[in-house]
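Residue numbers (the working numbering), protein chains in the order written: chain A, 6 to 131; chain B, 21 to 346.
No wet-lab data here; the hints were simulated from the structure. Every residue, glycine too, gets a C-beta built ideally from N, C-alpha and C. Don't take every hint at face value.
[What the hints assert, rightly or not] Per label pair, the in silico range of CB-to-CB distance:
#	chain 1	residue 1	chain 2	residue 2	range
1	B	GLY209	A	THR25	51 to 61 Å
2	A	GLU13	B	ARG182	46 to 56 Å
3	B	GLY209	A	LEU105	39 to 49 Å
4	B	GLN96	A	LEU105	38 to 48 Å
5	A	ILE44	B	SER296	25 to 35 Å
6	A	TRP98	B	SER296	21 to 31 Å
7	B	ASN254	A	TRP98	53 to 63 Å
8	A	TRP29	B	ILE302	23 to 33 Å
[Said to hold, decoys possible] Interface residues of chain B toward chain A, partial, derived using beta-carbon atoms under 8 Å:
#	residue
9	ALA44
10	TRP52
11	ALA67
12	LYS75
13	MET100
14	LEU119
15	ASN259
16	VAL337
17	VAL346
[Stated by the list, open to error] Calculated cross-link-like contacts (lysine-lysine; reagent style BS3-like; alpha-carbon spacing at most 30 Å):
#	chain 1	residue 1	chain 2	residue 2
18	B	LYS48	A	LYS22
19	A	LYS128	B	LYS168
20	B	LYS48	A	LYS90
21	A	LYS22	B	LYS317
22	B	LYS186	B	LYS244
23	B	LYS43	A	LYS22
24	A	LYS124	B	LYS261
25	B	LYS244	A	LYS128
26	B	LYS43	A	LYS90
27	A	LYS56	B	LYS324
28	B	LYS186	A	LYS20
29	B	LYS202	B	LYS261
30	B	LYS244	A	LYS49
31	B	LYS244	A	LYS61
32	B	LYS257	A	LYS128
33	A	LYS11	B	LYS43
34	A	LYS11	B	LYS324
35	B	LYS315	A	LYS11
36	B	LYS257	B	LYS186
37	A	LYS128	B	LYS261
38	A	LYS90	B	LYS317
39	B	LYS168	A	LYS124
40	A	LYS11	B	LYS131
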Amino acid sequence: MAQDHKLEIFRGLVKFKSNTQKIWGVLIFLSIVTAIEVILGIYKPEALMAKVLGMKLLNWIFIILTIVKAYYITWDFMHMRDETKGLRRAVVWTTIFLILYLTFILLQEGGYVFNVYDKGYIKSDF
Amino acid sequence: MSTTVVTTETGGKTWGGGNEPLKASYGKMMMWFFIVSDALTFSGFLAAYGFSRFKFIDAWPIADEVFTHVPFLHGQELPMIYVAFMTFVLIMSSVTMVLAVDAGHHLNKAKVTLYMFLTIIGGLIFVGSQAWEWATFIKGDFGAVETKGGNILQFVDAEGHRVALKDFVVAGEHDRVQQERKNGLWFVGEGSLPSYTVEDVIHGFEANDNLLIRTQELTEDGQKTVLTRAESLNQLKTNGKLVVEGANLQHNEYGSPLFADFFFFITGFHGFHVFSGVVLNIIIFFNVVLGTYEKRKSYEMVEKVGLYWHFVDLVWVFVFTFFYLV
Numbered sequence: 006m007a008q009d010h011k012l013e014i015f016r017g018l019v020k021f022k023s024n025t026q027k028i029w030g031v032l033i034f035l036s037i038v039t040a041i042e043v044i045l046g047i048y049k050p051e052a053l054m055a056k057v058l059g060m061k062l063l064n065w066i067f068i069i070l071t072i073v074k075a076y077y078i079t080w081d082f083m084h085m086r087d088e089t090k091g092l093r094r095a096v097v098w099t100t101i102f103l104i105l106y107l108t109f110i111l112l113q114e115g116g117y118v119f120n121v122y123d124k125g126y127i128k129s130d131f
Numbered sequence: 021m022s023t024t025v026v027t028t029e030t031g032g033k034t035w036g037g038g039n040e041p042l043k044a045s046y047g048k049m050m051m052w053f054f055i056v057s058d059a060l061t062f063s064g065f066l067a068a069y070g071f072s073r074f075k076f077i078d079a080w081p082i083a084d085e086v087f088t089h090v091p092f093l094h095g096q097e098l099p100m101i102y103v104a105f106m107t108f109v110l111i112m113s114s115v116t117m118v119l120a121v122d123a124g125h126h127l128n129k130a131k132v133t134l135y136m137f138l139t140i141i142g143g144l145i146f147v148g149s150q151a152w153e154w155a156t157f158i159k160g161d162f163g164a165v166e167t168k169g170g171n172i173l174q175f176v177d178a179e180g181h182r183v184a185l186k187d188f189v190v191a192g193e194h195d196r197v198q199q200e201r202k203n204g205l206w207f208v209g210e211g212s213l214p215s216y217t218v219e220d221v222i223h224g225f226e227a228n229d230n231l232l233i234r235t236q237e238l239t240e241d242g243q244k245t246v247l248t249r250a251e252s253l254n255q256l257k258t259n260g261k262l263v264v265e266g267a268n269l270q271h272n273e274y275g276s277p278l279f280a281d282f283f284f285f286i287t288g289f290h291g292f293h294v295f296s297g298v299v300l301n302i303i304i305f306f307n308v309v310l311g312t313y314e315k316r317k318s319y320e321m322v323e324k325v326g327l328y329w330h331f332v333d334l335v336w337v338f339v340f341t342f343f344y345l346v
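Chain A on its own, in the form it takes in the complex (with noise of 0.2 Å):
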């Protein structure tokens, strides 16, 4: 698979010449996604503090331009856009799915926690 490079990124919306111009193009676009991040998070804007799914929308922003950054990562810099459909699969679904289930159960546990702790059962103070 040696030359064979999908030059393609935002499905067809920007092509490169070589797969060098490619990784200099995700590197500027890696570097504006992290520049965004910093500056919401430095300056925390009043407007996204608003709760959306019991979450601030500015955490929300910040895990999804996270998933953004992993999947133009592995997608390009580790060269999983010319994988084959089987390989890829096998580790992005699987891993993807195991931490989504292990996410879910330890976070649910954690408020579940809180609320114990919460309704007065236990003081740490006396």
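With chain A fixed as given, assemble chain B onto it according to the hints.
Frame of chain A, contents of chain B only:
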């Protein structure tokens, strides 16, 4: 096996062996599956962090107030700037790595050598920055008092700015000396003692009327609760137990000890990955220089170690979000 079958029958060939449905070499595939398992280890750590954070959701330290330092810029509050720099260094070294892989596809030894070298430098800058972050975190800056129940009391002035212990506490006479193994039971020792006792802190606090105490609890809008003067004095006198300066695995001046524990474990485990990545890169670098892959006519080893290196970058992207941003 017989060679005649190949041309006439395609059905039987599927099970005849030698097929590569995933079109990836053994080594590369195993690197991918190692990455899957390692990703699960890291997500275990991060999910456990999430668990502890949800458990103390109304009292968790605010990362922006903890990581405010940048080397050579003393006394300035610059949240996130240095971590953003570290993130950029790691992404940059990922780019040089992928450029090395690309040069490897063109069998261009000089370029592979250069890009591998730059990748190693980037990795070393990152590990060095992380060591500096750890040192700053362990040293602490303001100091705090821990209560009987293990909660942290921090000090602020009337405007809500943090006040360091050394700015208002005068160390009194200390009778208590550090217990060392050489001057007592040989199997009993202890860590270094804090510079002040709780009594010193109470004296200093009483002498400065503008001081208030800030507890761990978060208010509705995500700020730490500040007590009134009377409540502060009462809290300090009845519950204050231990002066904490900096952070270790048991005590942590920034808030819940779990925060420090996870900081050490997650960034430490990641730093260890970066360190091993640098070692692997150095080995591959020397192989490139010696012409091993030139003779082999294939730079696939660079590709495999590159996969690992990108994975380390990928993990950092998540650590950055969940530890410093969210």
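Item checked: Hints that the structure is at odds with (numbers, increasing) -> Numbers 27, 28 - these are the hints that the structure violates, sorted from lowest upward.
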